[in-house]
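Number of protein chains: 2
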Amino acid sequence: MSLTKKSSTASARVRPVSNGKRKIYFTIGPTHTFNGFDKCLDSALKKGIPSISHRGREFEEVFKHTTSSLKKMLNIPEGFHYFFMGSATETMERIIENCCEKESFHFINGAFSKRFYQTAVDLKKNAMKFEAPAGEGFDFFRAHIPESAEVVCFTHNETATGVSIDMDDVYGLRKSYPDKIFALDIVSSAPTVKVDFTKIDCAFFSVQKGFGLPAGLGVLLVNDRCIDTALELQAKGINIGSYHNFPTMLKTEERKNTPETPNVLAIYELGYVCDLYNKKGVAKIRKETEAKAKLIYEFLDSHSELKAFVKKPQWRSKTVIVAETPRGSADVIKKLSKHGFVVGPGYGEFKDKQIRIANFPMHEIADVKRMLRVLKNK
Amino acid sequence: MSLTKKSSTASARVRPVSNGKRKIYFTIGPTHTFNGFDKCLDSALKKGIPSISHRGREFEEVFKHTTSSLKKMLNIPEGFHYFFMGSATETMERIIENCCEKESFHFINGAFSKRFYQTAVDLKKNAMKFEAPAGEGFDFFRAHIPESAEVVCFTHNETATGVSIDMDDVYGLRKSYPDKIFALDIVSSAPTVKVDFTKIDCAFFSVQKGFGLPAGLGVLLVNDRCIDTALELQAKGINIGSYHNFPTMLKTEERKNTPETPNVLAIYELGYVCDLYNKKGVAKIRKETEAKAKLIYEFLDSHSELKAFVKKPQWRSKTVIVAETPRGSADVIKKLSKHGFVVGPGYGEFKDKQIRIANFPMHEIADVKRMLRVLKNK
Numbered sequence: 024m025s026l027t028k029k030s031s032t033a034s035a036r037v038r039p040v041s042n043g044k045r046k047i048y049f050t051i052g053p054t055h056t057f058n059g060f061d062k063c064l065d066s067a068l069k070k071g072i073p074s075i076s077h078r079g080r081e082f083e084e085v086f087k088h089t090t091s092s093l094k095k096m097l098n099i100p101e102g103f104h105y106f107f108m109g110s111a112t113e114t115m116e117r118i119i120e121n122c123c124e125k126e127s128f129h130f131i132n133g134a135f136s137k138r139f140y141q142t143a144v145d146l147k148k149n150a151m152k153f154e155a156p157a158g159e160g161f162d163f164f165r166a167h168i169p170e171s172a173e174v175v176c177f178t179h180n181e182t183a184t185g186v187s188i189d190m191d192d193v194y195g196l197r198k199s200y201p202d203k204i205f206a207l208d209i210v211s212s213a214p215t216v217k218v219d220f221t222k223i224d225c226a227f228f229s230v231q232k233g234f235g236l237p238a239g240l241g242v243l244l245v246n247d248r249c250i251d252t253a254l255e256l257q258a259k260g261i262n263i264g265s266y267h268n269f270p271t272m273l274k275t276e277e278r279k280n281t282p283e284t285p286n287v288l289a290i291y292e293l294g295y296v297c298d299l300y301n302k303k304g305v306a307k308i309r310k311e312t313e314a315k316a317k318l319i320y321e322f323l324d325s326h327s328e329l330k331a332f333v334k335k336p337q338w339r340s341k342t343v344i345v346a347e348t349p350r351g352s353a354d355v356i357k358k359l360s361k362h363g364f365v366v367g368p369g370y371g372e373f374k375d376k377q378i379r380i381a382n383f384p385m386h387e388i389a390d391v392k393r394m395l396r397v398l399k400n401k
Numbered sequence: 024m025s026l027t028k029k030s031s032t033a034s035a036r037v038r039p040v041s042n043g044k045r046k047i048y049f050t051i052g053p054t055h056t057f058n059g060f061d062k063c064l065d066s067a068l069k070k071g072i073p074s075i076s077h078r079g080r081e082f083e084e085v086f087k088h089t090t091s092s093l094k095k096m097l098n099i100p101e102g103f104h105y106f107f108m109g110s111a112t113e114t115m116e117r118i119i120e121n122c123c124e125k126e127s128f129h130f131i132n133g134a135f136s137k138r139f140y141q142t143a144v145d146l147k148k149n150a151m152k153f154e155a156p157a158g159e160g161f162d163f164f165r166a167h168i169p170e171s172a173e174v175v176c177f178t179h180n181e182t183a184t185g186v187s188i189d190m191d192d193v194y195g196l197r198k199s200y201p202d203k204i205f206a207l208d209i210v211s212s213a214p215t216v217k218v219d220f221t222k223i224d225c226a227f228f229s230v231q232k233g234f235g236l237p238a239g240l241g242v243l244l245v246n247d248r249c250i251d252t253a254l255e256l257q258a259k260g261i262n263i264g265s266y267h268n269f270p271t272m273l274k275t276e277e278r279k280n281t282p283e284t285p286n287v288l289a290i291y292e293l294g295y296v297c298d299l300y301n302k303k304g305v306a307k308i309r310k311e312t313e314a315k316a317k318l319i320y321e322f323l324d325s326h327s328e329l330k331a332f333v334k335k336p337q338w339r340s341k342t343v344i345v346a347e348t349p350r351g352s353a354d355v356i357k358k359l360s361k362h363g364f365v366v367g368p369g370y371g372e373f374k375d376k377q378i379r380i381a382n383f384p385m386h387e388i389a390d391v392k393r394m395l396r397v398l399k400n401k
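So the protein lines, in turn, are chains A and B.
With the working numbering applied, the first sequence covers 24 to 401.
With the working numbering applied, the second sequence covers 24 to 401.
Here chain A stands alone, though its shape is the one from the complex (with noise of 0.2 angstroms):
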C-alpha cells in the first residue's frame, strides 16, 4: 500500500502492491497477502485500531465480530472457546500444559508434528508417538493408543512434507477411544479443510497461512472437556502455566479479552478477511482449492522431471504440495523468482531437493497457471 496517488487504487487491483515488487508469494507462510489486505489495514487504520485499549468496549467488538466470523466460516459448535495466542507454535505448549498430566500420544510424519511431540519431551511427558516416513500417511488401523495417554494429537496437513490426513480416519480413531482428548493441527489447512468439531477436542491455525495475513497470532479453539481437564490438573497442583493457561483465558473470554495485550490488529484483520472468506462461501474457496491443486498434481505427474513427493493421491495435500527437483531447488527457485512467483525449498533436510508450493485461498487460478507455465519451461 503506497500512499503516492499512482498507487491509490492498489487495492481495487487483483494482484495488490502490497507484496512489493509485483511478486506472488506461493510461500507455504508467511505467505501472499489475501486480495483486500490494502483496504482491511486502510479500515483499520481509519478505526484507530492500532491505538484502541484492548480492556475497552471496541476491542471487545473486534472480539465478538472475529470470534463470530470464525464460528461461521468453520461452522464451530456452541461449547467452544476462542483463545488468541502468539503463534501456533504456542498453542501445541499450551495443549500439552492444560490437557495433559503425564502422556500424550503423536502422530508424527513431518517436522511439524514432531514439533508437536518434541513440545510434550520437552514439557517432561511422557511423549509417545507412531511415526510414518516423511512423504506417507499413517496406516491407522496399526496405531496402539496405550490406556494411559490423555491426549492424542494429529496433524491434519504436514506442512514440511505435504501429507495429508483423511478426518475420517481420526473420526474412526475417535470411536475407539472416546475419552481422551483429540487435538488437531490445522495450520496449513484452515480454513480449507472441513472439520467436525464434534469430534475433536481442540484444533489450532496461525494466520499467515490460508488466511493471508501477517505472522504473528495463533488461534487455539478449545471445547469443554479440555477446560475441565486443564481444571483437573490446576486442582491436583499440576504446573499448567500461568497468563495464558486455560481457566485464565477462559476467564477473560467470557469478557470479550484476553489475559494480556494481544495482537489487537491482527485480531481485527482475522476478523475482516473471514468475513470476506464467508461472503464468497467456504465451500466455493474449497471447490477451487481442489481445482488448483487437482492441476498443480497432474502437471507433476505428466512433467519428466519434477515428481509430486507424496505418492499416494489419497495423502496428497491440497494445500501445500511439495515437488522433488532431482537437480536441486535452487535452479528451480531462481527461474521462478525471475518471474516474480516466490515458492519455498523443501524443509529442513529437503532444503535443497524439493520445493514446496502453497495452495492457499488467496492464490488465484490465472496466476497458478502462469506459474505452472514457467515451471514446465523450466
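One should not assume that every hint holds.
FRET-style restraints, in silico, Cβ to Cβ [what the hints assert, rightly or not]:
#  : chain 1 : residue 1 : chain 2 : residue 2 : range
1  : B       : D191      : A       : K125      : 45 to 53 angstroms
2  : B       : G102      : A       : E387      : 43 to 51 angstroms
3  : B       : E84       : A       : D247      : 44 to 52 angstroms
4  : A       : D191      : B       : R78       : 32 to 40 angstroms
5  : B       : E84       : A       : A314      : 36 to 44 angstroms
6  : A       : G102      : B       : D189      : 45 to 53 angstroms
7  : A       : P270      : B       : E328      : 36 to 44 angstroms
8  : A       : E387      : B       : K95       : 41 to 49 angstroms
9  : A       : V144      : B       : D191      : 51 to 59 angstroms
10 : A       : N280      : B       : K95       : 34 to 42 angstroms
11 : B       : K392      : A       : D247      : 40 to 48 angstroms
12 : B       : D189      : A       : P169      : 55 to 63 angstroms
13 : A       : N280      : B       : D162      : 29 to 37 angstroms
14 : A       : G102      : B       : P349      : 44 to 52 angstroms
It should be emphasised that the hints constitute simulated quantities derived from the structure, not laboratory data.
None of these values were measured; they are calculated from a predicted model.
Glycine included, each C-beta is placed from N, C-alpha and C at the ideal position.
For chain A, the structure is supplied; the task is to place chain B on it using the hints.
Chain B in isolation, oriented as in the chain A frame:
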C-alpha cells in the same frame, strides 16, 4: 492511512490519520502510534514484509537491523541477547521458567509487579515479596532478600499506579546481592528510562507503549548469566518450557531467527521507530519527556480538584501520570474525549477514581498543553 487521494499526504502530517477521527491517544498502551507510522507501514508493504519468509535472508536482515538499532538506542552492551516474544506478560513467564528453580523475590507496588509475582506462584515457585502501598515507592533498605532467592524482580515503572523507582536503588541492591539474577520490567518506561545494563541481568518491554506500535510483540533482553542458569536448570531436568526456553531462543538468535514464525511486521516496525528515535537522539527524547512530565505534574499540583496520585516527587513516573478525580473518572474522560483526547481510567480498583495520562515520545508538547487546557476548564 487511507488510499484515497484526500489523505495521500497523511504521512507528512504531524498527527497522522492512522489513529482515526483525529484523536490523540494519551492512553498508556496501546497508545498513539508514533509520528511516521504510516510511512513505516508503507515501506514495510513495499518491501513485502508481511509475506517474506521468516527463514530467509530478508528476515535475517530485519532481525539484524532491529536488534542493532535497539542496542544503539538503549546502550546495550555485548553479551546481551535479543528474544522476541508475544507480549511482555509472556516474558515474565519465560524469565521465571528459565532463571528460577525454586525461589523468586518481587518488589510489588501495583498490578503489574504483582502479575510478575503471580506468574511465579502459578509456575509453582516459592515467590516472596516486599510490598509498598499503591502510589508509593519502596524503602529498599528495609527489604530483606533471602539468600535462597535466585531471581529478584523489579518493576521500574508501575503502569497501574504511576510509581517509578530510582534505578540507583536497584544498582545499590546489586552490590549487596551480586550473585542473584536481577530482572527488570521497563514495559512502560522504555526507551525513556536510562538503564545501566551491566548492573542487571534481564529487562523486558512491549512495543505498544513508548514505541507507539500496534500491540503484539514483547522484547526480552537477557545476558549470558540468564542463559547459563537456564542451561543449568535444563541439565538438572527442570521444566524450562519448550520453544521459547532460553537455550532454544539462543540457538535461533545466533542465526538471526526465532523458533516459531514471529510477528515479522512488528519486528520490522520496531527497527524503524528505533531508527527515528536514534536520529532524534534519546537524550533529547528524555529531556522532552521530563519537560512534558513537569508540565503535567505542575498542572495537577496547582489544580483545585485533580491531584497527582503519587505524592512524593521522587516516586513520580515520567511516562505514566496518574491523577485522582474526586468526582469520578468517567466525566473527565468524557470531557477530554469530546475534544479528541483519549486518556485511560485508573487501573483495577482505581478505575472510577483516577485517570492515567501517558507521556511517551510521540506525545507532542503542544498537544499536552491543549489537553491540559481542556482539563483546566473541567
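Against the structure, the hints come out as follows:
| no. | hint | result |
| --- | --- | --- |
| 1 | D191(B) with K125(A): 45 to 53 angstroms | holds (49 angstroms) |
| 2 | G102(B) with E387(A): 43 to 51 angstroms | holds (49 angstroms) |
| 3 | E84(B) with D247(A): 44 to 52 angstroms | holds (46 angstroms) |
| 4 | D191(A) with R78(B): 32 to 40 angstroms | holds (33 angstroms) |
| 5 | E84(B) with A314(A): 36 to 44 angstroms | holds (37 angstroms) |
| 6 | G102(A) with D189(B): 45 to 53 angstroms | holds (51 angstroms) |
| 7 | P270(A) with E328(B): 36 to 44 angstroms | holds (42 angstroms) |
| 8 | E387(A) with K95(B): 41 to 49 angstroms | holds (43 angstroms) |
| 9 | V144(A) with D191(B): 51 to 59 angstroms | violated (45 angstroms) |
| 10 | N280(A) with K95(B): 34 to 42 angstroms | holds (37 angstroms) |
| 11 | K392(B) with D247(A): 40 to 48 angstroms | violated (53 angstroms) |
| 12 | D189(B) with P169(A): 55 to 63 angstroms | holds (58 angstroms) |
| 13 | N280(A) with D162(B): 29 to 37 angstroms | holds (36 angstroms) |
| 14 | G102(A) with P349(B): 44 to 52 angstroms | holds (46 angstroms) |
In terms of the numbered hints stated before, the structure departs from hints 9, 11, listed from lowest to highest.
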